[in-house]
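Engineer: The sequence shown begins at 1 in the UniProt record's numbering and counts up by one.
Since the hints were derived computationally from the structure, they do not count as laboratory data.
Predicted, not measured: the structure shown is a model, and the values here were computed from it.
Built from N, CA and C at the ideal position, the CB exists for glycine as well.
Every clue listed holds true.
Label-pair distances were calculated between CB atoms; the ranges are:
1. Lys-91 with Thr-64: 32 to 38 Å
2. Lys-89 with Ser-45: 20 to 26 Å
3. Gly-71 with Pro-50: 42 to 48 Å
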Amino acid sequence: MADKSITKTELVASIASATGQSQSAVSGVLDSLFATVSEAVAKGSKVSIPGWISFEQVATSARTGRNPQTGAEIKIPAGKRVKVTAGSKLKAAVK
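Put together the whole structure using the sequences plus the hints.
Structural biologist: Printed below as a string of structure tokens:
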């Protein structure tokens with residue numbers, strides 16, 4: 001079961017079926033959701049859907065790493081990444 005993933009098309013079809021909305025309307029809503037979350041996190045805001053999921057931008061410090069092929073040390077610059085945290089309802093659904 002771990003190798004089964006749901007594509008966006010399957011997700012849109014499932015939501016459209018459950019809500020009675022058209023697939024194009026559901027797809028538009030999902031696209032807008034992803035765009036809004038991306039813009040907010042890029043600006044440094046935290047996006048949270050209580051109980052389900054939260055997204056936030058976190059800074060990473062500069063560090064030294066290794067090239068796995070040659071073993072040579074490389075400098076990895078400081079940067080930003082996205083932290084995604086599962087909420088209590090999502091964690092409970094997995095148990």
